[in-house]
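> So the sequences go chain by chain: A and B. If you read the first sequence in my numbering, its first letter stands for residue 38, the second for the next number, and so on. If you read the second sequence in my numbering, its first letter stands for residue 8, the second for the next number, and so on.
Errors might be hidden in some of the hints.
[Unchecked claim] Which stretches of chain B does chain A cover? Using the computed rule of at least three CB atoms under 8 Å from a CB of chain A, they are: (1) 895-904; (2) 930-940; (3) 1017-1023.
[Unchecked claim] Calculated from the model, a selection of chain A residues having no Cβ within reach of chain B, i.e. all distances over 12 Å: (4) Val51; (5) His64; (6) Thr107; (7) Thr125; (8) Leu128; (9) Lys162; (10) Asn163; (11) Ile196; (12) Lys240; (13) Arg241; (14) Asp242; (15) Glu243; (16) Asn259; (17) Ala303; (18) Asp312.
Think of the hints as simulated: they come from the structure by calculation, not from any bench. Ideal placement from N, C-alpha and C gives every residue a C-beta, glycine not left out.
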Amino acid sequence: MVIQKEKKSCGQVVEEWKEFVWNPRTHQFMGRTGTSWAFILLFYLVFYGFLTAMFSLTMWVMLQTVSDHTPKYQDRLATPGLMIRPKTENLDVIVNVSDTESWDQHVQKLNKFLEPYNDSIQAQKNDVCRPGRYYEQPDNGVLNYPKRACQFNRTQLGICSGIGDPTHYGYSTGQPCVFIKMNRVINFYAGANQSMNVTCAGKRDEDAENLGHFVMFPSNGNIDLMYFPYYGKKFHVNYTQPLVAVKFLNVTPNVEVNVECRINAANIATDDERDKFAGRVAFKLRINKT
Amino acid sequence: MRQKRSEIYSVELSGTKDIVRTDQGDDKEKYRGLKNNCLERKKKNQEEDFQKELQLDDHKLNNRELEKKYGTNIIMGLSSTRAAELLARDGPNSLTPPKQTPEIVKFLKQMVGGFSILLWVGAFLCWIAYGIQYSSDKSASLNNVYLGSVLVLVVILTGVFAYYQEAKSTNIMSSFNKMIPQQALVIRDSEKKTIPAEQLVVGDIVEVKGGDQIPADIRVLSSQGCRVDNSSLTGESEPQPRSSEFTHENPLETKNICFYSTTCLEASTSPIGTVTGMVINTGDRTIIGHIASLASGVGNEKTPIAIEIEHFVHIVAGVAVSIGILFFIIAVSMKYRVLDSLIFLIGIIVANVPEGLLGTVTVTLSLTAKRMAKKNCLVKNLEAVETLGSTSIICSDKTGTLTQNRMTVAHLWFDNQIFVADTSEDHSNQVFDQSSSTWASLSKIITLCNRAEFKPGQENVPIMKKAVIGDASETALLKFSEVLLGDVMEIRKRNRKVVEIPFNSTNKFQLSIHETDDPHDKRFLMVMKGAPERILEKCSTIMINGEEHPLDKSTAKTFHTAYMELGGLGERVLGFCHLYLPADEFPETYSFDIDAMNFPTSNLCFVGLLSMIDPPRSTVPDAVTKCRSAGIKVIMVTGDHPITAKAIAKSVGIISANSETVEDIAHRLNIPVEQVNQRDAKAAIVTGMELKDMSLEQLDEILANYQEIVFARTSPQQKLIIVEGCQRQDAVVAVTGDGVNDSPALKKADIGIAMGIAGSDAAKNAADMVLLDDNFASIVTGVEEGRLIFDNLKKTIAYTLTKNIAELCPFLIYIIAGLPLPIGTITILFIDLGTDIIPSIALAYEKAESDIMNRKPRHKKKDRLVNKPLAVYSYLHIGLMQALGAFLVYFTVYAQEGFLPHTLINLRVEWENDNVNDLEDHYGQEWTRYQREYLEWTGYTAFFVGILVQQIADLIIRKTRRNSIFQQGLFRNKVIWVGIASQIIIGLILSYGLGSVTALNFTMLRAQYWFVAVPHAILIWVYDEVRKLFIRLYPGSWWDKNMYY
């Protein structure tokens, strides 16, 4: 015989709930008496307090193993990546020549980005370094000795410097400047003591055709060794990242052009299958003209 | 019955891997209820049918009427054409096998049961998420597709596994179903033909020889010394004679009906038993067919463990779904995109569901089933393994289960003295005084006045195991004398039998006349045995110490006292007497004539009494005591006589030595039974007749109030009533049985136990478990295993649930604090289905912490498998500690690579943006997306290793729930260490072996990170030892109540 479960009426259910919330006979609130609740709250207070303390302690111990100035491990950063400015949502530089608003935001960003590169600021803060060699600054026994940075003047970017430029980095004329920068990696001697430069090209043949001519600043897309090594945010306060500006002169309008720029340096591999930004950067360029 | 089983399995399976099934569960519940109702109705009808004892009146008809009714001719039989017509109308003469669930349905059930639904939902969410991504961005990453496929793969794999497990146990039972095709000798077209029994039709005239099975229900037309063994049908253990006379109104009792599937015995008393009869019922319309359908109609209770697992699945699925939805809402209100929130939801579901657990439970159960099979308990239904452990009432058969199922000489009375014979299984220890010359005479009678013989070719078989041709009593006497006197056949040869009168029910004695083995004594010896009072009537002298004394009143009185005493022990008593026939009256050449009785049969010399019983198995009293201390009530249910039942119950301890029944008290105080206070009696003996007149309430009262109950003279249907009564007490009832008539009760019971040797196929089919040695004591070992497995399953589940919090927290933190994802969904699956599997199975090998046979059976509604303390302790204590430990490893990896903990907060969006390839870390370095992703995978691996290391500690602490690990012995369970080793090895392979396979998201982790979580692991161990210490120190305290699971 199967004993049927009695169906509880709605009222009974409510009644049961009421009793669960407050049981006047046993003085239980939610199934526990006051003392029991007090115990349980006290217990969890102590227990979780203890766990927090324990976790904080172990975290503190762990942080002792980490220096504030240089990372403990850099194995993931063997190959620095490249990036472009202006920074856009999908790595695409789209310019509607006639539509000011389409490129104005890029221009604003660039203005802001290039501000620290102003010659006056550079002169004021940074050293003039000897080109063609690394600017090494050993601690010489003084712990955490602050490091000086080399000047990278905005004027080095030529017509892409945007200084007194009515064309707004060429965006208003459909000849935009795109700035290439290489990711900072602490204590990385880029180029392995040989000169290096950035080159750009269309990704595929048709892209190359559509890309047209471009000029680079500094000339030839060179990046000087004196900007390396980087000593980290804490030491190298005024470090100025070297840039390469590329001005595209006659991109075929109304076509999306895939551009890829890569750095040619002895110790930077640019053929990583998985990391598409290792030593290179790919972006889309589209000039819309009516 | 098959159906029942598959249903149970579906739950178990549902056990084995389901996930999201809360709402679905409701549907199933409804469906189930519906089904039960149907069954109920059907069953009631059937029961009515059965109680009407079938509208059968063929036994009242004479041959002429029968011929007319069935359109047949007793001499000529049916014509072949007529037979073919009938066969077409009624169908073959075989039982319809119970409907079988198609394999594919069984398989599909595995795919949707338990947690599977949750995982299916997860998988579909993955694909939907990809669909949405794809529609907005053609180059969307395929990660979600992979994840969905992996989830489906997990569901399918666990489903296949569960299906395989089920199929394996189904195979065990299918071996019971094998039936040898039966042949029947039938008269058709005036010719005797042998045809397959399946083709028999109503009206066929069949001939059955001794030793054959009755091929259908038949009305006996003529019979020669035929007796049938109806034990499988009525529980009656004595063979019943069959003849063509109508002797009883009740078709079950009348002598002129033989039932399908009972056996026609080869009786030793007549040359060969044959019976000719007319087939009156075939196939499902036979009595057996009715019982079989009754059994399959009995509703199936879910096994306790199935209920527990369902309960557990509901808890986990409830937690998963509610946390999932809660955080979905939180995520949406935190302005996450709905798509992202969906993906979080998947992560939360996957983290919350212990994918491997249900498979583990199945494996654990089947391991125990294997262990039990070694101890002679063959478990057909895996879940029954645990049911036995929670059993609170055992309704046991008497014959064969509690007793040895053979008559054995228990007492002797001669020289005015009762002697006790050894009734143990081998009779080795006969200690009574055998020097008296009365014994010499008695033993001679026992040896000679006996027709039983050993079957030839058993020279090397121990005497007690030899097969014998002859009935139970004679067998007992034969073996008894063979043990005491040596070669009985040789003695018989030396005392050549001249003539004999076999036992028959009118004479109630058996007599034979022999030549003596003394060559100088030419007298004949007449020996006689029979019902004691009949024998005494024929005697005028009695032998005491070898000398004949006249039988006077006082000796007659001592005889009666002894007879009553032995009868009171429930034993079958036989009297023995002899007479040396005077040589002058009966010369050697005298020809004895048994029909003329030309020899004296009175004024004999009474020699002694001998009583026999089917003695209890020697292991049973111990087993009953164990049941007692384990809080299990043992109830004897037997078709036997109350006095015999009581005697056996007393000797095995079902009625303990100092407890009395109402009748005993009345007898002691010499007052009428009605005046006895019912409460004074601990024991009760209820007969079938009393039971018939009882209301259900009265039965309940008896079951509740008496500790020791014996049901005697019960019918099969009453057994079912008793089982139901026990179940109304909320008891988990185990029932033993062997006959076809037991199968409804076996089915009805929470666990039906069939006898492997004596049991009929129907009983074995209906049962959940088969006792291979028919021994009650094996049940007790089964109980022990069942209880152990319940405890160990608790440990397994606690172990498995713990890490779910450690897997879940990352997602919660990820959503709320925006850290890069600490552990990936795939990685979680590697823990749940990889590193954790062997350790959780290893816990099944854990020994009991204390004597589990000294506690009460668990209350099926109160002592849950997964109770609140277990969930709270696993989730909120150990689980949380684990999560913290794993986060520590994660933060360490990130910090040492340059992302200090504070830089990680709210980094999620930038971190995961594929177009941000110059993300700055704490030191001002810039990271491309791939570099970050690789670091993220390293984080996964680190988190994984953190959980792994702490799961080792978790595994060790779960060895015990109350005792210290050091009390339990750290190294006693070697399998645990195999588990730990497997965990570490799998971890190492994943990290260092497959670290280069990007799809798996594992990376080669620096060696030192394996040790970061060790302090937390030690903390877990220490904390748990403290918990157990307080539980032991303050039993019953607040701590005990809240912390003991």
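> Give a verdict on every hint.
How the hints compare with the structure:
no.: 1; hint: 895-904; result: holds (count 6)
no.: 2; hint: 930-940; result: holds (count 9)
no.: 3; hint: 1017-1023; result: holds (count 3)
no.: 4; hint: Val51; result: holds (21 Å)
no.: 5; hint: His64; result: holds (16 Å)
no.: 6; hint: Thr107; result: violated (7 Å)
no.: 7; hint: Thr125; result: violated (8 Å)
no.: 8; hint: Leu128; result: violated (5 Å)
no.: 9; hint: Lys162; result: holds (16 Å)
no.: 10; hint: Asn163; result: holds (16 Å)
no.: 11; hint: Ile196; result: holds (25 Å)
no.: 12; hint: Lys240; result: holds (15 Å)
no.: 13; hint: Arg241; result: holds (16 Å)
no.: 14; hint: Asp242; result: holds (21 Å)
no.: 15; hint: Glu243; result: holds (19 Å)
no.: 16; hint: Asn259; result: holds (21 Å)
no.: 17; hint: Ala303; result: holds (20 Å)
no.: 18; hint: Asp312; result: violated (4 Å)
Violated hints, listed in ascending order, are 6, 7, 8 and 18; each of the other numbered hints is respected by the structure.
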